[in-house]
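J.: Sequence:
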Amino acid sequence: MKPAEFKDYVAILANNAADRHQHNLVFTNELAASFAKYGIGTIPIDYIAHPRQVTEAAQDPHCIFFVCYNGFGSELLLNAGPGDLRSLFTCYKKQLFDLMHDCPAHESMSHQVASTGDYRTLLITDYGYANVAKMLGIRRVYFSPSITFPHASPDYIEPVHSREIDILLPMGLASPELVLDRYGKPRNHRQRLFREIFHAVTEKAVDRLDCDPLLEIFRALSDMRVATTVDDPDTLFLITTTLDFVKFSRRHNLIHAIRHLPVTVISDRKIDLPTGDGRLQFIEERTFPRLIETMAHSKSVICPLPHYSGFHERALAAFTTGAAVIAAPNEILETNFAINEEMFLYRSLEDLTYFLENSLAGQHDLHSVAENGRRKAIDYYHPSRLTKLMLSLHASIQ
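Quick note on this note's numbering: the sequence shown kicks off at 907 and runs consecutively.
One thing to keep in mind: the hints can contain errors.
What the hints assert, rightly or not - DMTMM-like, lysine to aspartate or glutamate: derived pairs with alpha carbons at most 25 Å apart: (1) K1091 with D1116; (2) K1091 with E1109; (3) K1040 with E1122; (4) K999 with E1013; (5) K1282 with E962; (6) K1176 with D990; (7) K1110 with D1129; (8) K1294 with D1024; (9) K1000 with D952; (10) K1176 with D1257; (11) K1176 with E1191; (12) K1040 with D1113; (13) K1294 with E911; (14) K1176 with E1256; (15) K1176 with D1140; (16) K1176 with D1113; (17) K1294 with D1271; (18) K1040 with D1140; (19) K1040 with D1008; (20) K1110 with E1013; (21) K1110 with E1122; (22) K1091 with D1138; (23) K999 with E1070; (24) K1282 with D1116; (25) K999 with E962; (26) K1000 with E962; (27) K1091 with D1061; (28) K1294 with D966; (29) K1110 with E1256; (30) K1282 with E1191; (31) K1040 with D1138; (32) K1040 with D1024; (33) K1040 with D1118; (34) K1110 with E1237; (35) K913 with D925; (36) K1282 with E1256; (37) K1110 with D1061; (38) K943 with D990; (39) K1110 with D1072; (40) K1110 with D966.
Just so you know, these hints were derived from the structure itself, not from any lab.
Generate coordinates for the entire structure from the input sequences, incorporating the hints supplied.
T.: And the structure:
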């Protein structure tokens, strides 16, 4: 099982059935190339399809630790005896480094809420989410930058002026009405109160792009003296529905605001616009590796980031491919990239529309901004930074 050319290795867990867009595959390839520079091999394991391989790696002294993504794999248990289920990683004393981008209190992350043992080190790319993870009881939490994707990007970086796509907008377009449908008639005072908080926060956050809905939820709960915990089912539901509704509503508003411009949209669905009222070009959804290829042929990429206080893989992928990044308000990017020198920023949809109109008229130096942004991103957020962090933490935990 051990890679032939390496003495020691890292086992990277994935649930391939859940990785429809192959985000984990791209991360795994980048980490593998970086670990190899330190003389360490990697073995990807689909822990759903091949559970025995996980146990073999856990028993192998040459497997120095495990890596997983967004908690998938952190929930693995070992039958230590009749009625005695224990964490596999605790039983074999193997560290698990969990690379997380998403909100740990979102319902889609429920599989990892109970994974709070000392074996698990959470490396989370959003410092707001890091605090939520600590409130959930996860013991070892570190805020960590995400990575760029040099291995997945073309070897040749095409000059911006010769790229075929002027403006690329990759984003899912689920309907916000799907969220509203989840709220039925409240059966008690608590449910009525939580629904009022949902409406108050979303009304404020949808149009204000610099408003962090997660922070507003906690402010509202505090202002209304609601005693609750993050792992309370009602709180998890409130967080999930609020984040989803704000994200989906902002995206639909964005589409309608720029519908008169020749923007190429990659999405899982197409929004019906008034007949004759749109110049948007919708193209089919694609995997993350193919999305990176498409970015490499784009002059600029709009990034309507859902994480206000963290990294997002689409922005870092756009930086990596040498496209000019046009980002929504984001504390991480704003404090690490010089605006109008290494990236562009819009604080409202009116700002974005005005910027795109001027960009199409040739009034912005996309080439210099794209080049500077790529250089900064590769220098600061190369995958080797993350692998070095894991190796350093592993040595300190031993």
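J.: Does the structure break any of the earlier hints, and which numbers would those be?
T.: 1, 4, 5, 6, 12, 15, 17, 23, 27, 30, 35, 36, 37, 38, 39, 40
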